[in-house]
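S.K.: Which chain is which? The protein sequence lines are A, B, C and D, in order. Take 142 as the starting number for the first sequence in the numbering used here and just add one per residue. Take 142 as the starting number for the second sequence in the numbering used here and just add one per residue. Take 142 as the starting number for the third sequence in the numbering used here and just add one per residue. Take 142 as the starting number for the fourth sequence in the numbering used here and just add one per residue.
For the record, the hints were derived by calculation from the structure and aren't laboratory data. Mixed in with the good hints, there may be bad ones.
Which copy? The list can't say, so a pair holds if one copy fits it or any two copies do.
Stated by the list, open to error - Keeping only pairs whose Cα atoms sit at most 35 Å apart, straight-line, the calculated DSBU-like set for lysine-lysine is:
no.	residue 1	residue 2
1	Lys326	Lys237
2	Lys347	Lys314
3	Lys409	Lys347
4	Lys188	Lys157
5	Lys210	Lys256
6	Lys157	Lys314
7	Lys326	Lys146
8	Lys210	Lys157
9	Lys256	Lys314
10	Lys314	Lys238
11	Lys314	Lys237
12	Lys256	Lys327
13	Lys188	Lys327
14	Lys347	Lys238
15	Lys326	Lys246
16	Lys409	Lys314
17	Lys157	Lys146
18	Lys188	Lys314
19	Lys326	Lys409
20	Lys256	Lys409
4 protein chains.
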Amino acid sequence: MSISKYSTFAVIGGDKRQLYTAKSIADDGYCVTIGGFDSVSLNNSLKNEDAATAALNSSIIILPLPAVKNGNILNAPFSDEFIYFDDRLINAVAGKKIFCGMKNKLLSAVPALDKDLVYDYLEREELAVQNAVATAEGALEIAMRQYDGTVNHSRCLVCGYGRIGKVLSQMLKGLGADVTVSARKKSDLAWISLSGYRAIHTDDLKEYSGFDLIFNTIPSMIFDSVVLAHTAVDAIVIDLASLPGGVDFAAARRLGITAFQALSLPGKAAPKTAGEIIKNTIYNMLEEDNR
Amino acid sequence: MSISKYSTFAVIGGDKRQLYTAKSIADDGYCVTIGGFDSVSLNNSLKNEDAATAALNSSIIILPLPAVKNGNILNAPFSDEFIYFDDRLINAVAGKKIFCGMKNKLLSAVPALDKDLVYDYLEREELAVQNAVATAEGALEIAMRQYDGTVNHSRCLVCGYGRIGKVLSQMLKGLGADVTVSARKKSDLAWISLSGYRAIHTDDLKEYSGFDLIFNTIPSMIFDSVVLAHTAVDAIVIDLASLPGGVDFAAARRLGITAFQALSLPGKAAPKTAGEIIKNTIYNMLEEDNR
Amino acid sequence: MSISKYSTFAVIGGDKRQLYTAKSIADDGYCVTIGGFDSVSLNNSLKNEDAATAALNSSIIILPLPAVKNGNILNAPFSDEFIYFDDRLINAVAGKKIFCGMKNKLLSAVPALDKDLVYDYLEREELAVQNAVATAEGALEIAMRQYDGTVNHSRCLVCGYGRIGKVLSQMLKGLGADVTVSARKKSDLAWISLSGYRAIHTDDLKEYSGFDLIFNTIPSMIFDSVVLAHTAVDAIVIDLASLPGGVDFAAARRLGITAFQALSLPGKAAPKTAGEIIKNTIYNMLEEDNR
Amino acid sequence: MSISKYSTFAVIGGDKRQLYTAKSIADDGYCVTIGGFDSVSLNNSLKNEDAATAALNSSIIILPLPAVKNGNILNAPFSDEFIYFDDRLINAVAGKKIFCGMKNKLLSAVPALDKDLVYDYLEREELAVQNAVATAEGALEIAMRQYDGTVNHSRCLVCGYGRIGKVLSQMLKGLGADVTVSARKKSDLAWISLSGYRAIHTDDLKEYSGFDLIFNTIPSMIFDSVVLAHTAVDAIVIDLASLPGGVDFAAARRLGITAFQALSLPGKAAPKTAGEIIKNTIYNMLEEDNR
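Could you put the whole structure together from the sequences, leaning on the hints where they help?
M.R.: Here you go:
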């Protein structure tokens, strides 16, 4: 680890995730100041300051994802007041490394920032991989709550074999479900089969039925009314794909199919883990930068 | 399968589980009449009759667990009125096989029944084994809802290696948790270790700490204030043991430890599966009886 | 651990397993002398003495399984000469705890021994559980060597769900095989099913076919010519049951079915692990005895 | 499936794998002729002809990997005589689809072939994925045969997290080993960790020790004398990387470390599966071609 032990961190804005990021950094022995968390606490000793003071105190700045909303207003849902990214805050972060999600949005809202010092943890592959776990578990939690049977021995369909599809299939199998996974690439179908799942081609979905639980991870319209009518009649459908999603929810309603759109699961279902993932990713970026 | 295809079933009283038992038997092609389900439906074609009519129509009677409450009142939470196990109902079931849970309670409340025709599915080992799955998943659902992190990579302690302990440990491992299991018998400790969990002796619990999630399955006071103070300070504790349970909840409150008593999980978390388990067990009993 | 740190061990007779028992005890920091190992070495510093000298040097005596063969001759295949359990050896072990396998055989061959000081590690449940792992892996090794396909995706039948059946099924599933397990008890069939295997009744074996690999663990004649002809035509059959076994090998030959009798696999396939299991079991017995 | 049911196949040259390819195609109901298999048989009804006759009889030609050796001699180890790719054979295959491994080698040795009709199954990703399973099992078989302990509970290091590393780690974990995997990419390390293995950086290998079994999958010099001396002192080392491999075998000998170079495992350890994989891949190529 090549992070200087003299590093001090400001975690400014964000939700429970960022609070856990702050707590986890503090648990590693670093000095951490938080800003924009008036109305929430983790029952620990993190000191909440106003944003500029927190930034002034620290050598490294951590902002949420996205960092700003509605122009230059900091994304700080737990702050009692709006926090503007004004000159005082700009001066407080000047010359310091800033870590945030969706850095282009921040840079266009606050052009005075030095773009060479703004890092985007959301672009990192290892964050996406780890977030897939939190998303998969969030999906399982929804399935367990909504489905009247057990996941064990249920017939599950996972549509798509990207990061989330891979982790979710493995967890479903770990619970003893009967897992079918759809993909398009021949090599993905080979992986699916050798991992112990039934492999089907995504184009052939409507030829299969009898599922109890269907999870979509593909962000394009897969479950239109025709596919829903064939595949999902007795199933609960959970759409994990980022917007616009892959399920025709209006059609599902018409067909009497229970369907859920599950967005931003890591932050909702597992803010502690989501916060620790952000921390790990920032550590990785600091290390690489110091090499 | 040696169940006569002319068998007809009455499912009288009970909650959503019994309704799923009825639906599952009907899906197998048998004629099923339900009784005592005025205010709930599974959106299927099961015909709800008054209890005696349902019994008269059928050759096999299925009652809930327990079958009666407060003397000879049928346990029928979805009935709009009390259903008494009166002479009319007694006559309607006369000479027919009756399947119920806790048969001694029924026989002492309704002594007119022929005890040789009353069968107790709750005494069957295979029902207990299958219910352990529904209990374990119910416990996982609570853990996922309450814990701010993911079960994946969490540090879990499962106390006791009976049916529920075995299934729960396997599921936690299937989700990628770091699993420790406590038991007392040397051979259980050997099984625990070779299944890939850390094995510890239940008497030594208080020497271990750092758990995120603790599941107790032992129905005697294991987690008293001393053990809680050592083992559970940063953990969520879920007590799955039947009453009186194994956790000192008052001590947990004093220590600021989040603890849950989770009873009757199969019926709550997975009524469909719980109902199918009852059906499977009754089928087994019918088969054995016919041999 | 309540074994006195002043304990000294003599490991006398036996094969590679006992040598690994000795090595593993020495690695724990105890003083160990071996006897009866003239012609084999583990390339370590264990000192080989004649049996009586080894015993005289030590406070605890470890003998092999069985301890004697052909009357009072020590079971010492790696000794250049016969070692008789004569008066000199009897005097050397007098008053000391003796651990062996099949203690009754030893006591009847050497009646001068104090039977209250002779302990049988082979009777211990935890040894049997751990040995099941070594047996299962030995069976896998045979299967891999003999079968022209991969275990992954092969269709496997495990007959019997005792210790070896349980471990072997889990390992086959861990390699990605398609696993069917036969048993007789309803509760075993429930366990088999919820563990993710196909459950079939042992009496119905001959109704199933299409297996690539068949493992028998039941020590009675299960695979007679009729069952073999139906179940095993394209399969390799591996009989793991202790003698007399459960496969009609003559019938297998007539039918052109490849069949193997695999006995004493722990010592053959994994002497290191088998030796460590013996050590762990002896430690457990010493601890319990000292309480 | 869009393969014409009138397709007829010639499988010419190759080892046991190709014989299984032929058998598996015949089992699917197609007409198959084999050529160049004088001295081996699968005890089935495949008809062996001379190469040109087999080709003349068939509409699709399947050649081994590589197809030729030493110029234009067919790679046919089970033929009693050399089979030259002469004009007679060239004429027999003219206008037909030819499937082989290493097509460039074939085309330069036999320039008269129409290169648009020569297909290379060895370049296909799904073949590589499926072969990884056969390679991983072959490695396990070597480990089981060579190691005196059980894989269960052994400490294993898998170096590299490509196709073989992924499958092998999963199988080792499935057998209950304690698995460490090394990789270089941060996202691979994230995958390794969330799959339940210990993740270490390949550059840091020499800081780790205590392994029982080490599997290398990286085809460059990873295990030089320094890394071997630190990591592998008590381990068995199995090099699965294609030539030149990743282990300094001379250094291993000097250090007294047992090391094996395991090449071409699919064909050796699981020719049946390897042959079926070739068939599946050719089917995929035929289907895509026909669309």
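S.K.: Now look at each hint and say whether the structure bears it out.
M.R.: Now the hints, each set against the structure:
no.	hint	verdict
1	Lys326 <-> Lys237	between (44 Å within a copy, 27 Å between copies)
2	Lys347 <-> Lys314	both (23 Å within a copy, 30 Å between copies)
3	Lys409 <-> Lys347	both (32 Å within a copy, 33 Å between copies)
4	Lys188 <-> Lys157	within (15 Å within a copy, 50 Å between copies)
5	Lys210 <-> Lys256	within (19 Å within a copy, 59 Å between copies)
6	Lys157 <-> Lys314	both (30 Å within a copy, 27 Å between copies)
7	Lys326 <-> Lys146	between (47 Å within a copy, 25 Å between copies)
8	Lys210 <-> Lys157	within (17 Å within a copy, 46 Å between copies)
9	Lys256 <-> Lys314	neither (45 Å within a copy, 44 Å between copies)
10	Lys314 <-> Lys238	neither (42 Å within a copy, 39 Å between copies)
11	Lys314 <-> Lys237	neither (46 Å within a copy, 42 Å between copies)
12	Lys256 <-> Lys327	between (42 Å within a copy, 24 Å between copies)
13	Lys188 <-> Lys327	between (53 Å within a copy, 32 Å between copies)
14	Lys347 <-> Lys238	between (50 Å within a copy, 33 Å between copies)
15	Lys326 <-> Lys246	both (34 Å within a copy, 28 Å between copies)
16	Lys409 <-> Lys314	both (24 Å within a copy, 23 Å between copies)
17	Lys157 <-> Lys146	within (26 Å within a copy, 52 Å between copies)
18	Lys188 <-> Lys314	neither (43 Å within a copy, 37 Å between copies)
19	Lys326 <-> Lys409	both (32 Å within a copy, 28 Å between copies)
20	Lys256 <-> Lys409	within (30 Å within a copy, 54 Å between copies)
The structure does not agree with the numbered hints 9, 10, 11 and 18 stated previously, though it agrees with the rest.
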